[in-house]
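So the protein sequences, as listed, match chains S and G. Under our numbering, think of the first position of the first sequence as 1, with each following residue one higher. Under our numbering, think of the first position of the second sequence as 1, with each following residue one higher.
If you're looking for bench data, these hints aren't it; they were derived computationally from the structure. Among these hints, one or two may not hold up.
Computed footprint of chain S on chain G; a stretch qualifies when at least three of its residues, placed anywhere within it, have a C-beta under 8 Å from a C-beta of chain S [to be verified]:
{"no.": "1", "region": "150-156"}
{"no.": "2", "region": "371-377"}
Taking CB as the label site, the calculated pair distances span [as the list claims (entries may be wrong)]:
{"no.": "3", "chain 1": "G", "residue 1": "G178", "chain 2": "S", "residue 2": "Q350", "range": "38 to 46 Å"}
{"no.": "4", "chain 1": "G", "residue 1": "I131", "chain 2": "S", "residue 2": "L311", "range": "56 to 64 Å"}
{"no.": "5", "chain 1": "G", "residue 1": "W165", "chain 2": "S", "residue 2": "G64", "range": "25 to 33 Å"}
{"no.": "6", "chain 1": "S", "residue 1": "G363", "chain 2": "G", "residue 2": "G142", "range": "35 to 43 Å"}
{"no.": "7", "chain 1": "G", "residue 1": "I208", "chain 2": "S", "residue 2": "R241", "range": "55 to 63 Å"}
What you are looking at is a predicted structure, and each value in this text was computed from that prediction instead of being measured. A virtual CB, placed ideally from N, CA and C, is assigned to each residue, including glycine.
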Amino acid sequence: MRPHSATPFWRSERVPQAAAQVLFIVIVALVAGFLYSNLVHALHRKGLSAGFGFLSLEAGFRIGETPIPYDPGDSYGRAFLVGVLNTLRVTGVGILLATLLGLVAGVARLSPNWLIRQITAAYVELIRNTPLLVQLVFWYYAVIFKMPPIQKSLSLGGVLLISQRGVALPSLSVTPAFYPWLGVLMLGTITAWLLWRVRQRYQDATGRPGYAWLLAIGIWVLLVAVGWGVLGHPLVWERPRIVGPTYEGGAVLTPEFAALLVGLVVYTGAFIAEVVRGGILSVRKGQIEAARALGLREGQILRLIILPQALRVIIPPLTSQYLNLAKNSSLAIAVGFPDLFSVGKTIFNQTGQPVPAVALVMGSYLVMSLFTSLLMNIYNRRVRFLEK
Amino acid sequence: MAVSRTLEPPQVRMGPGEWVRKNLLSPWYNALLTIAGLWFLYEVGRGLAVWALTQARWDVITHNIRLFLVGQFPPDQVQRVWLGLLLSSLLFGLSGGLWSGTMRQFAHALGLAFFVLAFLPASWVTRGWLIGNLAAILLGYGVGAWGRGSPRCGRALRYATIGGWLLFFLVLILLLSGFSGSRVLPRVEASLWGGLLLTFLLSLVSIILSFPLGVLLALGRRSVLPIVRLFSILYIELIRGVPLVTVLFMADIMLPLFLPEGLRIDRIVRAMAGFTLFSAAYVAENVRGGLQAIPEGQIEAARALGLNGLQTTLLIVLPQALRLVVPANVGQFISLFKDTSLVAIMGLLELLGIGKAVLANPAYMGLQREVYLFVAVVYGVFSYAMSYASRRLEIALGVGER
């Protein structure tokens, strides 16, 4: 008689697991194969290929807004690049402004002033409960389109001009004196930094006030102002003017860009406000009381106690808001702004190539999303709470 | 023995004058803020009131109200929509009578809404349906309240109501689409569904389908099988990395290519597929959060009791995890509801799409403010109601307390 045998091999936990995985792969492969063969047949029937060769062909369509030189004679590839740059432009500016708006609204929701609290709460609720797309078409068709014609532009102090043709802002332009002045600016910054360090060390060492910030900012402003005066105006404000049917000078935002930007900023700002509010509320009251007991001033409490702790809570959801803004910018097509989705769709309409068009558009968004989350993860690691 | 008593904190009674001073006027910059706020409210309120009462042409809404509500659903078949609404009113009434809390408030609100709507100028047929709906709510409420009183019937009635809700969605779809060749319920092509009706159908179908798919994906992402895990992670991250419009775009132009030759699906069904695939990834991430919150001890205890893997998941882990993620998922479904407006970009005629179509009519040129404001208000009312319900549900479920 054989000695008691070991457990049969199929009773080992690994075997059913491996079998399940093989089964899973087979099912996925079968489904994928079925879909793929249908796709190949359908493409064949329509005489389409799945390659990217068409990207070098002549695009032949106009794009309303081009950050880089482009004309219809250029290739599809370049047209798509214009779309990508437009998306990046609106996303970059949008993130900056939405953060500012969200910060102000988030703090205002915690204001001791009852009225201000109610107004911001109404803003947040109103914006969060209506679809972004409806807001965008509202901004475009019901606000900007209803602005007066360009000759009767609304003027905010003669600086900002608003009309049906868009928004015109003053812009800074550079004179020959700019580059020497830039040198002065750098010199001032270095001096200010050195002074700040010396005074801060003095304060740390002796406990007497070193007035580090005051002195550093003072010397910086002094140097930069003296440089400005001596060198003559290195930068000049250029105000927009109305010349015939267009704006001249300054920076002009097209109606499409303005509507998209305002829509995205107002929408994302409401979400960021909630994130900021949650972050500030997450700092325990005892922390603030302890800081007061130690004699810190209100500004110091905000800067040294509340912000560092709130940021840790704020950063992860803020990241997803930034990503949402980038993804939501794809709604640009509803207001006719030529972003990457809109250009991708035009390319599809012209070439009839579904596979590469979808791959290009989705691939670009994926790369943007992954890149943004990478950056924010790095920043998040820096502000994270170091547990002992 | 002396009993030590904690003194209550002194009651601070604030007079209205003191309240105003404390909340609005001090320190000095708060007084400035209050003045600025009041000025802002005055300007906005006055501008809005003057426009809405004297300049706005609301006839664009009232003349097209049928389009906004049901789109191009054949007018002679519109009683089918009313019938569907009647069924839901009955179920809302029953639920309101059987359960207290949120459901009851909803039944009250719905009844009140029908009551008010019945006073609006409308045809007598419409008014009749509205009153019928009110009656259905009252009937359901009465039956439910009676069932609540008797323990035996109450239980059966509760199960019947839950079953009724589950069956309702199927019945609704059949009722609306009908059967080809039938004389009682002739077929109504999905391409004729529109307006608020389409908005509701798109969100309902996508919500119901994306939930099980999302749970499966979440379980896949937590699976011990590396290949299943990898597949789930790839799917979830891929979908979450791209905007919804691109998923809808893909569903619109690629889905027909993936299907065998000769099989054609309607654009509305394609849109539903796109929403389902998209929403499933977000549901999966919510559910994963819930799964991760279940302590390891629960699973070990289940194992020790002799439950196998499937039983552990179905009976121990999922019921607890799903309860935890109800609020997050309701949030996801609210945003799905708002996102159905994106099919207007595909050219479908849901609420926003109908708005655009109405504005294309030369008779209503330049009335963008009225139309888009109306669309926004309709969306706002429903999504506010849903988020209110979700907050109540959160309290009722005791999330974060147990």
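Evaluated hints:
no.: 1; hint: 150-156; result: violated (count 0)
no.: 2; hint: 371-377; result: holds (count 4)
no.: 3; hint: G/G178 / S/Q350: 38 to 46 Å; result: 40 Å, holds
no.: 4; hint: G/I131 / S/L311: 56 to 64 Å; result: 57 Å, holds
no.: 5; hint: G/W165 / S/G64: 25 to 33 Å; result: 49 Å, violated
no.: 6; hint: S/G363 / G/G142: 35 to 43 Å; result: 59 Å, violated
no.: 7; hint: G/I208 / S/R241: 55 to 63 Å; result: 58 Å, holds
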